[in-house]
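Novice: Sequence:
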Amino acid sequence: MMRRMDFNVPVDDERWIAMTVFAPVDLPPSGRVFFLSPGGGYARGYYDMAFPGHHGYSQAEHHTSQGHVVIAYDHLGVGESCTDGLAEMTIEDIADANAKAVLSVMEQVRRGTLSDFLPALPDALFIGAGQSMGGGVSILMQGRHACFDAIAVLGYSAIHTVLPQRTTAEVQQGIDTYQYDRQTKGADLSVAESAAGVADFRYPFHWEDVPPDILAADMAGGYPIRRTAPPFGSLTIPNCVVAMMSPGFVADEAEATRVPVFLGFGERDTSVRPHQEPAAFPNSQDITLSITPTMAHMHNFASTRHLLWNRLSAWAMGLVAGSQSQE
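Adding 14 to a residue's 1-based position in the sequence shown gives its number in the numbering used here.
Hints are computed from structural coordinates only; laboratory data are not their basis.
Beta carbons: idealized from backbone N, C-alpha and C, even for Gly.
Some hints could be false.
Per label pair, the in silico range of CB-to-CB distance [what the hints assert, rightly or not]:
no., residue 1, residue 2, range
1, 204, 308, 32 to 40 Å
2, 102, 223, 38 to 46 Å
3, 131, 64, 16 to 24 Å
Work the whole structure out from these sequences, hints included.
Specialist: Encoded structure:
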């Protein structure tokens with residue numbers, strides 16, 4: 015059982031970030047608050063999925079049953095957040111708008127003014143977690159604004175995000191497609207054109223045991239250009255997101271990160287050498303690496319998703335307030 019509330023957070027007079035808060039019912043709060051952000055082509059509904067005839071696909075429900083508060087949000091330019099100016103939007107614009115909204119909500123959580131069903135949590139530990147694009151943007155937010163007490167980067171490589179494929183030639187084709195940097199303008203990027211350089215999305219995204227009806231719910235409307243979007247999908251992807259699969263795209267912000275870091279990958283995922291990933295965070299003194307078996311890039315569709323969620327929860331409960339400061 016959990017309570018939920020949808021709400022928008024103003025960033026300025028014209029832009030907003032869409033969020034949903036999930037809170038446990040009849041359970042003492044754990045003191046951990048997860049801010050969860052989605053990958054490219056997905057929306058915050060990714061963290062509260064439901065499929066007829068199946069159960070256990072809501073990460074929000076799973077974590078609230080453990081006493082955690084979950085706040086899922088759509089990036090600027092994604093889902094129900096403001097989508098004006100997609101072509102000109104920069105990745106810094108997205109990270110900065112997200113951070114402003116998140117920091118505002120954190121203060122409301124501390125004071126108990128966010129929702130009538132959520133008590134004040136003045137000593138809460140705030141964890142920024144994101145999948146794929148969300149993981150990369152969480153690194154950017156932390157490096158630029160020191161938003162969180164800890165971050166969980168799920169399915170994004172701070173060294174070089176590379177989609178796995180069936181053959182080395184297909185992998186290299188994808189690598190050759192994504193050779194940009196932070197100076198590449200959004201007007202020079204195209205989601206459709208870059209997607210044409212990817213041999214396959216189904217193989218890197220979904221393990222072979224994902225039920226066919228669930229696979230269809232995700233992919234039938236198109237990806238990454240969605241003709242129709244499921245409740246967990248986004249019709250929009252800002253152009254600048256294309257460049258996030260370039261080598262070292264978030265290297266500076268990863269180096270600037272000083273808080274604890276959880277690195278979560280599936281067995282078939284976007285890091286070529288996952289055991290080297292901690293080296294991207296030389297100033298964090300607390301780094302955890304977890305690789306979940308029979309899991310592809312879209313973690314929450316995997317049959318082993320609960321293994322990752324439980325590992326993430328256990329890690330969060332092991333965090334000690336003030337053990338490492340971003341300052």
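Novice: Holds or violated: the 16 to 24 Å window for the beta-carbon distance between residue 131 and residue 64?
Specialist: 21 Å, holds
Novice: Indicate whether the distance between the beta carbons of residue 102 and residue 223 respects the range 38 to 46 Å.
Specialist: The hinted range 38 to 46 Å holds for residue 102 and residue 223, with Cβ atoms some 41 Å apart.
Novice: Is it true that residue 204 and residue 308 lie within 32 to 40 Å of each other by Cβ?
Specialist: 34 Å, holds
The structure fails none of the hints (numbered hints given earlier).
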